[in-house]
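A.B. asks: Residue-level listing of the chains:
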Amino acid sequence: MAYALLLPGIAYFTVYFFYPIAVEFWASLFRGQPLIGHAQFAGLANYVVALTDATVRHSFLITLVYAVGTTVFTLLIGLGLAAILAGPVRANALIRAIIFFPYIISFVIVALMWKSLLDPYTGILNSVLITLGLPTQNWLSTPSSALPTMIAVSVWKDVGYAMLIYIAAIQGIPEQLYEAASIDGAKPRQIFTRITVPLLMPTTLFLAVVSMISNLQDMSAPFLLTNGGPANATRLFSLHVYETAFVQLEIGYASALSFLMFLIILLITFIQFKLLGREVAY
Amino acid sequence: MSRKPGGHGPAASLAIYAVLALAVLLAVFPFIYMISLSLQSDADIYSGVPVIIPQTLQFSNYVDIWERAPFVRFILNSFIIAGGITLLHLIFDPLIGYVFAKMKFPGKRVMFAALLSTLMLPFFIRMIPLYLLTAQMGMLNTYQGLILPFAMSAYGIFLMRQFIAPIPNDLIDAARIDGANDLVIYWRIVLPQLRPALATLALLTFVFQFNEFLWPLIVVSSTEMRPITTGLTLFNQEFFTQWNLTATGGVILFLPSFLLFLITQRYFIRSVMMSGMK
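Same order as they appear, the protein sequences are chains R and H. In terms of the numbering used here, the numbers along the first sequence are unbroken and rise by one, the last being 282. In terms of the numbering used here, the numbers along the second sequence are unbroken and rise by one, the last being 1278.
These are calculated hints, taken from the structure and not from any lab test. We put the beta carbon where it would ideally sit given N, CA and C, even for glycine. Among the hints, a few may not be true.
Selected chain H positions facing chain R (Cβ under 7 Å, derived; list incomplete) [what the hints assert, rightly or not]: (1) L1020; (2) F1092; (3) L1121; (4) L1130; (5) L1132; (6) G1138; (7) M1152; (8) N1211; (9) L1214; (10) T1229; (11) L1253; (12) P1256; (13) T1264; (14) Q1265.
Given the sequences, and given the hints that come with them, work out the whole structure.
C.D. replies: Pasting the structure below:
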């Protein structure tokens, strides 16, 4: 009976999760358009090309910067806001809701709003800078500032989620621990760094893994904010793979790139568990 | 008691409220500016200075935009796709969650581990083979092709299992002694107790599927099959510098999520905090 009830699930996860990974590896062994068009067996040649391609290396490096940058700032700011909002603050629920809201909005809207705010000529940010007598910036169209700006927009969108998860975790820490520390004369800052932060390690691990996996593969931000420019400064790996597969129609080569990313995500997740995943006991 | 910011004295308290005020302003301002842009005239847009409060509110933008692109069809498509996916989740996620929570069978641990391992296979990694498979099944540019790849999720199943586990086994065993099979038990005993959990699942699934951008971008080839996300993006590329019209489209895409969030806000926040689900 159990197997009968599981059958749709087994079928679905096989067809849409496990089989595709095999198909991807198979497709990565061909040049051209395997399974749907003309293709030529190439063995591991695609992998050799990928590992020696400077464009691939560049886009992988900036993807790593983007994912790590977004994750670190999202978690730090999220934790800071959570530390404040886990306590009794006026209008607490409303403030949480407002800060969380950008997380559930389509990146299409996020990109549209921030592109208009950051527009070098008609954007609000630059006109505020002019009023303050500060130098203006072509935020998304200067190679040196495009990637940091993109990270900032992603942090803006994600921070409310990290905040909520941290609030839930902080409220789960037993009150006695805080009382005991206060009695022992610990200062609020010591309590935060010695009790709260270490006890939040499992939550930090969870958020870091989720955020890294989702940002390593993020295509919405580069596609919608910059289209990879200027001068490939924000051409994240995902966008590179997408264009290789669906614009240049090099599906075999793109499969190899995608399969490499799969291995890298596995590796990074494994490292995160090793680094952050030490047992925490109350 | 150290969690209370009030314990730090008035200066610290003031600093805390200043930080919160800044955070709220940063979170809200882009939306206000988008709504403002959506009501501006071309003269405001091209005046060379950013306008926050337009002198006259040009509501006609909201009329014009429907004539420039088939937004009604885009919105309808979004509801069909996100609604279809949500329905499939409601059918399958709790059922499979029930099997893992309450039934005993050989291979359960291995299968559950395999299920959770799919969380490590993000969509982007599977994008190319899914495209190839969808093409082979003849489902490119169809609703089936847009819906089926998202029919279930390990997150959803895991979440449902967490909700089903606390239901007393005595209740289930008693029904089994009375001759009910597992499907009957699931339908008569488990599902009725699961209503709040199902609402959580539906809400989170619908909101995130409504935002899906990448898959429709790849699979849809005709304008009339586009959901609002890709429909609006391609519309924006066409009217790139006309911020007022692109913002009007943005507000239209923003409204369904906003209204849903406004109505279910307390509940939504609690669901996210409880589930850690994306």
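A.B. asks: Now tell me, hint by hint, if it's right for this structure.
C.D. replies: Hints versus structure:
no. : hint  : in the structure
1   : L1020 : 6 Å, holds
2   : F1092 : 6 Å, holds
3   : L1121 : 5 Å, holds
4   : L1130 : 6 Å, holds
5   : L1132 : 5 Å, holds
6   : G1138 : 11 Å, violated
7   : M1152 : 5 Å, holds
8   : N1211 : 4 Å, holds
9   : L1214 : 6 Å, holds
10  : T1229 : 5 Å, holds
11  : L1253 : 6 Å, holds
12  : P1256 : 10 Å, violated
13  : T1264 : 11 Å, violated
14  : Q1265 : 5 Å, holds
Violated hints, in rising order: 6, 12 and 13; the structure is consistent with all others.
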